[in-house]
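**Q** Order-wise, the sequence lines are chains G and X. Residue numbering for the first sequence follows my numbering, beginning at -16 and increasing consecutively. Residue numbering for the second sequence follows my numbering, beginning at -16 and increasing consecutively.
No lab work stands behind these hints, which were simulated from the structure alone. It is possible that some hints are incorrect.
A pair holds if it fits inside one copy or across any two, identical chains being indistinguishable in the list.
Said to hold, decoys possible - Pairs of lysine-lysine residues, derived as DSBU-like cross-links and limited to a Cα-Cα distance of at most 30 Å, are as follows: (1) Lys82 / Lys135; (2) Lys135 / Lys52; (3) Lys187 / Lys82; (4) Lys188 / Lys135; (5) Lys188 / Lys82; (6) Lys47 / Lys135; (7) Lys135 / Lys253; (8) Lys54 / Lys135; (9) Lys135 / Lys95; (10) Lys43 / Lys54; (11) Lys95 / Lys188; (12) Lys52 / Lys95.
Owing to the predicted nature of the structure, the values given are computational and were not obtained by experimental measurement.
There are 2 protein chains.
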Amino acid sequence: MSRIQKSSIVRCGIPQRNNNKRCLRGRNIKLEIEYDGTNYCGWQVQKNSRKKSIQEVIEKTLRKIIGEKVKLIAAGRTDAGVHALAQVANFFTRSKIPKARLKIALNGLLPKDIKVARVNDVSLNFHSRFSAKAKVYRYTILNRDYSSALLKDQVYYCPYTLDIGAMRRESQALLGKHNFLAFKAADKKAKNPFKRINRISITKKGDLIRIDIEADGFLYNMARNIAGTLIEIGRGRFVKASLKRILASKNRRLAGPTLDARGLCLVRVKY
Amino acid sequence: MSRIQKSSIVRCGIPQRNNNKRCLRGRNIKLEIEYDGTNYCGWQVQKNSRKKSIQEVIEKTLRKIIGEKVKLIAAGRTDAGVHALAQVANFFTRSKIPKARLKIALNGLLPKDIKVARVNDVSLNFHSRFSAKAKVYRYTILNRDYSSALLKDQVYYCPYTLDIGAMRRESQALLGKHNFLAFKAADKKAKNPFKRINRISITKKGDLIRIDIEADGFLYNMARNIAGTLIEIGRGRFVKASLKRILASKNRRLAGPTLDARGLCLVRVKY
Chain G
-16 MSRIQKSSIV RCGIPQRNNN KRCLRGRNIK LEIEYDGTNY CGWQVQKNSR
34 KKSIQEVIEK TLRKIIGEKV KLIAAGRTDA GVHALAQVAN FFTRSKIPKA
84 RLKIALNGLL PKDIKVARVN DVSLNFHSRF SAKAKVYRYT ILNRDYSSAL
134 LKDQVYYCPY TLDIGAMRRE SQALLGKHNF LAFKAADKKA KNPFKRINRI
184 SITKKGDLIR IDIEADGFLY NMARNIAGTL IEIGRGRFVK ASLKRILASK
234 NRRLAGPTLD ARGLCLVRVK Y
Chain X
-16 MSRIQKSSIV RCGIPQRNNN KRCLRGRNIK LEIEYDGTNY CGWQVQKNSR
34 KKSIQEVIEK TLRKIIGEKV KLIAAGRTDA GVHALAQVAN FFTRSKIPKA
84 RLKIALNGLL PKDIKVARVN DVSLNFHSRF SAKAKVYRYT ILNRDYSSAL
134 LKDQVYYCPY TLDIGAMRRE SQALLGKHNF LAFKAADKKA KNPFKRINRI
184 SITKKGDLIR IDIEADGFLY NMARNIAGTL IEIGRGRFVK ASLKRILASK
234 NRRLAGPTLD ARGLCLVRVK Y
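Same shape as in the complex, but just chain G (with noise of 0.2 Å):
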């Protein structure tokens, strides 16, 4: 064994065949985790918050079992109060845990409201960000005359009649690629504001209403503004073609309000 090969080694944990950078990383690994996110802070850590947040609960999980401080990467930094059914967040490691092993270490461990649905190893130049081409983000509306006891963190709850017909017509306006920026957060420094809308379904079960949105991207509150918009439009507040006229504008004063965080739900990222 040639001198190099050993000292990749001793960084590794793992043998490689080359010392680039690349191998010091050693193995890539992609979680897919569902959580609660009523009592955190969002997935990311916030300054002056007094709740703990997502990734720092699952890093200092995995330090635990793997030894090794590291850092995950997430696909979309929800807020505080978002759910996730299958957010996405890699690390690398050179830990040689088992995936199945790592799977099982990880629920136990980790709190019941943030559960580890998948462990896969993925290529080094996977990231859970930059590699997504779509993310789906669901927006849960209780309309009847009562709140629900038994969904009180996952819904939001809407107690007046809404037209679901003009909802869906309305809501194809926004289909396709748009500057985006009369359904960002207004207190928010400007990142590129055009993304790429793919789907957006509603549809009614019972009591229940669910926004589907696919997009290649999300401006900061931007699912929750539309769903927000939407409720409006359901209520009759707004007259036909609106959706488009607000998008045209650019201008967020003209949009509905912004939802409750509870409603929200990231659901799936596709890459």
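Here the structure of chain G is known, so what remains is to put chain X in place on it, guided by the hints.
**A** Frame of chain G; chain X shown alone:
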């Protein structure tokens, strides 16, 4: 106005035609209640429990609204951690509060894990428990290899492969009127152990298995013991026709374990 009429107005708060016992009770109001039982000691007050009972929370809230101390009579006295989608409870009052206003006031003042779905005036003879013809309890099992962050308090997690066909076939032995002593909590005094199961259905949707049991009455822990026995059958731990034999034995030790309260929900009371 005669003296008798006057005195009855004073006692009842509403004019009465005659001065019999029923008039003292004024109105009989029926509530349909949804609750998340996680943070309660059950429907009834429990000695030595630090948690509140659902009954006392609603009774105190009613007292605030109608200014009268009332006693709620429930259809099913659910245990600690057991949920309800439509528990039924009635109370007698002399209050004249309109039912729509009572519902709004209750839902405004009740905690977010107890909500009132419906308020109705019913005949003075109506008794939530004794008038009930049947109750439907649902036991929900999450059947996959990791527990759920989003449904953590509302499902029982079972990672083992289950033979749903066998569970369905065996469950049919419970239909009809039987002595259900084999499925009754061992530490409780004997009530009439004969109950009639009208319907038992086992359905699977995605990772969720629902066991719905409709019966004219349930012994203590009966639904959770039946679910526990059915899971053992699904796992292949009992030979064919075991459920029939266990039922006939009247021996609690032969049946499966009592499953977690979190998986159980009172979904309907039939009158």
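**Q** Evaluate each hint against the coordinates.
**A** Verification of the supplied hints:
no. : hint            : in the structure
1   : Lys82 / Lys135  : between (35 Å within a copy, 24 Å between copies)
2   : Lys135 / Lys52  : between (36 Å within a copy, 29 Å between copies)
3   : Lys187 / Lys82  : between (38 Å within a copy, 28 Å between copies)
4   : Lys188 / Lys135 : both (17 Å within a copy, 22 Å between copies)
5   : Lys188 / Lys82  : between (37 Å within a copy, 28 Å between copies)
6   : Lys47 / Lys135  : between (33 Å within a copy, 24 Å between copies)
7   : Lys135 / Lys253 : both (29 Å within a copy, 26 Å between copies)
8   : Lys54 / Lys135  : between (32 Å within a copy, 27 Å between copies)
9   : Lys135 / Lys95  : both (18 Å within a copy, 7 Å between copies)
10  : Lys43 / Lys54   : within (10 Å within a copy, 50 Å between copies)
11  : Lys95 / Lys188  : both (28 Å within a copy, 23 Å between copies)
12  : Lys52 / Lys95   : within (22 Å within a copy, 39 Å between copies)
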